[in-house]
Structures are given as C-alpha cells and as structure tokens.
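One line per chain: the protein sequences are A and B, in this order. Here the first sequence is numbered in this note's numbering, starting from 1 and rising by one per residue. Here the second sequence is numbered in this note's numbering, starting from 1 and rising by one per residue.
Bear in mind the hints are in silico, worked out from the structure with no lab data behind them. Computed from a predicted model, the values in this text were never measured in an experiment. C-beta atoms are modelled at their ideal positions from N, C-alpha and C, and glycine is treated no differently. Wrong hints could be hidden among the right ones.
[To be verified] Label pairs and their computed distance ranges (CB to CB): (1) ASN33/B <-> LEU36/A: 32 to 42 Å; (2) LYS12/A <-> LEU144/B: 18 to 28 Å; (3) ILE10/A <-> MET43/B: 12 to 22 Å; (4) GLY109/B <-> ILE10/A: 32 to 42 Å; (5) PRO9/A <-> LYS177/B: 18 to 28 Å; (6) LEU50/A <-> LEU144/B: 24 to 34 Å.
[Said to hold, decoys possible] Just a few of them, taken from the derived set where beta-carbon distance is under 7 Å, the chain B residues facing chain A: (7) GLU2; (8) THR6; (9) PHE30; (10) ILE45; (11) GLN69; (12) GLY99; (13) TYR119; (14) GLU126; (15) VAL156; (16) ASN163; (17) THR166; (18) ASP172; (19) LEU176.
Chain residues, written in single-letter form:
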Amino acid sequence: MATPIKETPILKGKDAKNFLKAKEKVAQQKPDPKELERVRAAFKTLNALLK
Amino acid sequence: MEFSGTRLIKLSSDTIIKPFDCGDQDLNDFLINDAINYQKELMAITYLLESKDFTIAFFSLMNDKITIQEAANNKFWNRFRRNIPNAKRISSYPSVKIGRLAVNNKFKGLKFGNLIIDYIKGVFLENVASACKYITVDAYNTTLDFYVKNGFNYLVDTAENQNAKTRLMFFDLKSLK
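With the rest of the complex left out, here is chain B (with noise of 0.2 Å):
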C-alpha cells in the first residue's frame, strides 16, 4: 500500500471534500451533507483519508454502549455474575461506534477498509483516554460479510433487524488483550 501524499483528517467546517463516490448513494450523502451536522452537534466526528486529488476514504466514530437488561433469578445469568465481584457487576459496557465507514470505488481492492477497520482497534486498544471494551458499527447489509471477516458478531438477530437496510454489530477488544 502506498501512502506517499497521503493524509488522515478530521472534518470540519472549513474542509472542502475531495471527489468521493463509494457506488452507494446514500454513503456518498452522509459524507457530503449529514456528517458536518453530526459532527456540529457533537454526535458523530468523521475522519477522511485522502490522497492529493481524492478522498480514499473516511469513517465517522461515536461513543456508544452496550446494555443488556437482566432477568430477575435466573441460573443463566447467575452463571455469568458468579466470578464478578458485587461491586464490578454491571450491565452496560463502554463502546465505540462506527457509524459510517465507506471507501472510494476508485480504491477498492486495495484493502482500506480493512486497514482502516484495525487502525480504529488499535486505536481504542493503544491510544485511549477512557476505557472502550467493544466497537460496535451500524453496517450496511451489503458489508456484513466485511464485518464478519473483521471479527464482528450480530448484537441484535430479530427477523426485523435482518431485513433493515442496516445492522448492528459488535467486536470484542478484549479479544486482542
């Protein structure tokens, strides 16, 4: 992979976008008009990857959190509290999100994805000011399998999640300590 004159940004106001297109219509939208907006109300920041005449790339990151609700007496999730200290159980867990992650057509095959899949681990594993157990990502159906590859797993598995335009799912850091 060559990264001569390449660059990772952050987004803002005064970025002007360089070309993009991903193939996917509403990818290309959210770059060029939502992710200023998530961003302005501090929902979502976007970072681009660009070379001197493209945006290769870019991904938009969230904090997130994991939750699940709790059975009342039930040996299932006793089994899964016994080794946790009274104090330690909790249930909710701290996350990222990958809200949106594309990349250009004219740069596809050359593994960016996957690069910018491990940097967002690595980041969160190497580089945190808060601890982050799980990333999680909103994922088009058309890159479920992209996810599956990365390692994710489906958080939500009703027949009405799998038949939305996109769906959650979830990686373990922990999985790399």
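Isolated chain A (complex conformation) (with noise of 0.2 Å):
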C-alpha cells in the first residue's frame, strides 16, 4: 500500500497565523493575467481531451 494522503489538520498558533497573513497579502493583489490567461488556456485545453 502506498503512502496514505495525508488529512488537512486544523490550523492552530503560528500556522494559522501565516496562513491569515498569507490569505490578506493575496486578498490586496491584483490577478495576474498573465497566469489567468495560462489557467485559462489549460482548461480549455485539458477540458477538451475529457472523454
């Protein structure tokens, strides 16, 4: 058997705190459109080869 994957845990103490610190420094950003454009592009792509 493989290595199980492995269960999100809940966030407590400095990880909980990077990780509200990481959510507000995205939540004051622009999108790049660039990758939006990229993210895009691989969708339609992959989307198109789903059977």
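Fit the two chains together into the complex; they arrive one by one in their own frames, and the hints show the way.
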C-alpha cells in the first residue's frame, strides 16, 4: 500500500497566523493577467480532451 | 505540446491503466493499487492523461477544507475579522485537495505537471458547481519546488512536518479573481 493521502489538520498558533497573513496578502493583490490567461488556456485544452 | 491522440479520463474499475513509471515506487503503487480503492470509497477521484500507448500523468482530487482554530479575544484575530460581517465570520474555507499527481518519466520536462496544475486551477475557477477557495496538496518532498513555482505556500511549518515524506501546501484561488 502506498503512503496514505495526508489529512489537512486544523491550523493553530503560528500556522494559523501565517495562513491568515497569506490570505490577507492575496486579498490586496491584483490577479496576474498572464497567469489567468495560462490557467484559462490549460482549462480549455484539457477540458477538450476529457472523455 | 502535442495532444493528438491524447485524452483525459476518469479512472474506473474497467480502466486498463497504460504503462506508467514516474520513478517513484510509492506513486506508481498508488496508481496501480490504491487509486481505485479511494474511488470506490468516494474518497478521491483519479484522472488519467493518456496517449495512445502510455499513461502520461495522473492526478487524484478530493474535497477538503482549511480550518483555523482562533484564539479568543486576541487582537491579531480581530484585525483579520473586523471587515467581515458577523454572519460571515467563519473559520473554515472550502478547498479541493490534490491527493496525488505524477508524470510518467517518458514525458518529464514537457510541462505536463504545470499544465495539470493550471487545469485544476481553471476547473475550480471557471466551472464549479460549488464554491472552492483553496487548492491544497499533499506534496512529496521531492516536488516542493514545483509547487512553490506554481504559487503554493506551506500550510503547516512544524519541524515534524518539514521532515515528513509529504508536506501540505495551499494555493489561494482568490489570487486569480
């Protein structure tokens, strides 16, 4: 049997603070148009291959 | 990237898995022996990207959530909560987890891993039946740089976690909205 997929734990203390700081940072940023375009293109490409 | 003859399929008990070797016995073992069991138990769905002759890559997805235990009456927490109406103050965020993702050695260096990550971001950005804010991943230690380059951050940073075979990471889909 392969290594089981790890469960996501409840975040506490430092991990919780780091997570919320990252969340706040993202909320203040604007999306990168190039990344968004790449993501949409990948979605379109693989979705067309989905059987 | 050439996609002629390539297809993306959902693993089922009838699927004949085409030859696959990503160089990691544990990941190979997951695909051959465990993926279908996760699926039967409704724990994870595995998708195969395959060419005419080979399994190019596979990835397994499962629902997840990121939950935060907040300390009571703490200025730090209040700072983050002050702009959120009382009714919306939740400490769990809906997520989807990439349980496993691996690319066949024969197709390494062709950016299939990046394509799949972008596809998963796209699926939950463009085409969802329910809301999802984060993508989490149980990443093998050998692939951490790959996920960092794809915008993922570490979710748990304890010494115990740093030395584990896999590490939990997350990507905020809001960064694309």
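Hints versus structure:
| no. | hint | in the structure |
| --- | --- | --- |
| 1 | ASN33/B <-> LEU36/A: 32 to 42 Å | holds, 38 Å |
| 2 | LYS12/A <-> LEU144/B: 18 to 28 Å | holds, 22 Å |
| 3 | ILE10/A <-> MET43/B: 12 to 22 Å | holds, 19 Å |
| 4 | GLY109/B <-> ILE10/A: 32 to 42 Å | holds, 38 Å |
| 5 | PRO9/A <-> LYS177/B: 18 to 28 Å | holds, 26 Å |
| 6 | LEU50/A <-> LEU144/B: 24 to 34 Å | holds, 29 Å |
| 7 | GLU2 | violated, 12 Å |
| 8 | THR6 | holds, 6 Å |
| 9 | PHE30 | holds, 4 Å |
| 10 | ILE45 | violated, 12 Å |
| 11 | GLN69 | holds, 5 Å |
| 12 | GLY99 | holds, 4 Å |
| 13 | TYR119 | holds, 4 Å |
| 14 | GLU126 | holds, 6 Å |
| 15 | VAL156 | holds, 5 Å |
| 16 | ASN163 | violated, 14 Å |
| 17 | THR166 | holds, 6 Å |
| 18 | ASP172 | holds, 4 Å |
| 19 | LEU176 | holds, 5 Å |
When held up to the earlier numbered hints, the structure conflicts with 7, 10 and 16 and fits the remainder.
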